[in-house]
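Quick note: the sequence shown, position 227, residue 320 per this note's numbering, numbers continuous.
Keep in mind that the hints were calculated from the coordinates and are not lab data. Predicted model only: the values in this text are computed from it and were never measured. Keep in mind that a hint or two might mislead.
[Stated by the list, open to error] Derived CB-CB ranges, DEER-like:
1) PHE298 <-> HIS110: 41 to 49 Å
2) ASP155 <-> HIS110: 20 to 28 Å
3) LEU220 <-> LYS102: 21 to 29 Å
4) SER111 <-> ARG137: 41 to 49 Å
5) GLY281 <-> HIS327: 25 to 33 Å
6) GLN158 <-> CYS119: 40 to 48 Å
7) VAL335 <-> CYS119: 41 to 49 Å
8) PRO244 <-> PRO295: 26 to 34 Å
9) PHE320 <-> ARG137: 18 to 26 Å
[As the list claims (entries may be wrong)] Listed below are the simulated DMTMM-like cross-link pairs for lysine to aspartate or glutamate, each with C-alpha atoms no more than 25 Å apart in a straight line:
10) LYS313 <-> GLU146
11) LYS318 <-> ASP251
12) LYS318 <-> GLU140
13) LYS297 <-> ASP315
14) LYS313 <-> ASP147
15) LYS318 <-> ASP147
16) LYS107 <-> ASP147
17) LYS318 <-> ASP247
18) LYS297 <-> ASP251
19) LYS313 <-> ASP155
20) LYS107 <-> GLU146
21) LYS102 <-> ASP155
22) LYS313 <-> ASP325
We put the beta carbon where it would ideally sit given N, CA and C, even for glycine.
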Amino acid sequence: MITFVRAFKGEWLKTRHSLAGWLVLCGSLFTPLAIIVARLVHHRRLEPIYSAEDFWPHLWQDAWQSMAIFFLPLFAIMVTSLITQIEHRNNAWKQVHTLPLGLGAIFVSKLGVIMLLIVQFFVLFNLGIWLSAIIPYQLTAAVPYPQGAIPFGDFLRDNARYFVDCLPIIAVQYLLGLRFRNFLVPLGVGFLMWIGALAALPWKFGYLIPYTYSMLDYLKHDPGKAFIPTIDTHLFALGYAVAFIMAAYVLFRAMKERG
């Protein structure tokens, strides 16, 4: 455990010299900021919206539309590719392997840093949704305080589901990032897979593509835009994540043996 903590601290320090923090900040707050701007521009229409008892669920659904389909999968692709490329970019893998750390600790700590960045992304996005409701209320005199209680339980469950949805993307990108030295290769493959996932949404077997799950999770409320399977896609997401993480670890050990 102590070895893992040391390895994790070292990996986390490396992110200070990368664009990871900016990716988290910009990606998580883009949609809430867009909502704030749109509502301030059209502030005369806000009174009935803020007076509705289902204000919070409607805001939640509106915010997650672009997040589930665009920003969450793209963020997972970009941040995972970025973190795994730090050693390749600095030609530092041999230096890392000389440290008194086990391969497992190095592998898991780097993956743990990616997971923590994803959690930060979710936390900031949730905070941004709340601010997108409060800021127009504070800045516009005629707008009442949002009606209805915030359904924290529903929101937490949605967060958990979307987090599971992005795990296979992280796992695939982690494998690609370890395998290829060129940052553009895992990034390009990730973008192509995301585009393929969008195209596969109407296909009845689209759920077999590991980049579709956050999209399917959101579009289950609007099934006319995608084929929604009756099976639990979260089990597929977890299965893909475990399989690709195991494959990535095998590759990581092979890289060490090759030097």
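So, going through the hints one by one against the coordinates:
1. Taking 41 to 49 Å as the suggested C-beta distance range, the pair PHE298 and HIS110 conforms, at roughly 42 Å.
2. For ASP155 and HIS110, the hinted distance range of 20 to 28 Å is not satisfied, since their beta carbons lie about 36 Å from each other.
3. Here the CB-CB span from LEU220 to LYS102 is close to 26 Å, well matched to the stated 21 to 29 Å.
4. For SER111 and ARG137, the hinted distance range of 41 to 49 Å is satisfied, since their beta carbons lie about 43 Å from each other.
5. In this structure the hint that GLY281 and HIS327 lie 25 to 33 Å apart at CB holds, the actual value being about 28 Å.
6. At about 18 Å, the CB distance of GLN158 to CYS119 disagrees with the hint of 40 to 48 Å.
7. The given range of 41 to 49 Å is broken by VAL335 and CYS119, whose C-beta atoms sit roughly 30 Å from each other.
8. Between PRO244 and PRO295 the beta carbon distance is about 31 Å. The supplied range of 26 to 34 Å therefore holds.
9. Our hint of 18 to 26 Å for PHE320 and ARG137 is violated, since their Cβ atoms are close to 40 Å apart.
10. The straight-line distance between the Cα atoms of LYS313 and GLU146 is roughly 23 Å, inside the 25 Å bound, and the hint therefore holds.
11. A C-alpha spacing of about 20 Å is found between LYS318 and ASP251, which places the hinted pair at or below 25 Å, so the restraint holds.
12. A distance of roughly 31 Å separates the Cα atoms of LYS318 and GLU140; the hinted pair therefore is violated under the 25 Å criterion.
13. Only pairs whose Cα atoms come within 25 Å are accepted, and LYS297 paired with ASP315 is accepted, the gap being roughly 15 Å.
14. The suggested pairing of LYS313 with ASP147 holds, with an alpha-carbon distance near 19 Å, which does not exceed 25 Å.
15. A C-alpha spacing of about 24 Å is found between LYS318 and ASP147, which places the hinted pair at or below 25 Å, so the restraint holds.
16. Taking the CA atoms of LYS107 and ASP147, the gap is about 43 Å. The hint is violated against a cut of 25 Å.
17. Between the alpha carbons of LYS318 and ASP247 the distance comes to roughly 23 Å, so the proposed pair stays at or under 25 Å and holds.
18. With a C-alpha separation of about 23 Å, the suggested pair LYS297 and ASP251 falls inside the 25 Å cut-off, and the hint holds.
19. Between the alpha carbons of LYS313 and ASP155 the distance comes to roughly 14 Å, so the proposed pair stays at or under 25 Å and holds.
20. With a C-alpha separation of about 46 Å, the suggested pairing of LYS107 with GLU146 is violated against the 25 Å cut-off.
21. Taking the CA atoms of LYS102 and ASP155, the gap is about 37 Å. The hint is violated against a cut of 25 Å.
22. Between LYS313 and ASP325, the direct Cα distance comes to roughly 12 Å. Compliance with the 25 Å bound is thereby established for this hinted pair.
When the structure is compared with the earlier hints, violations turn up for hints 2, 6, 7, 9, 12, 16, 20 and 21 and for no others.
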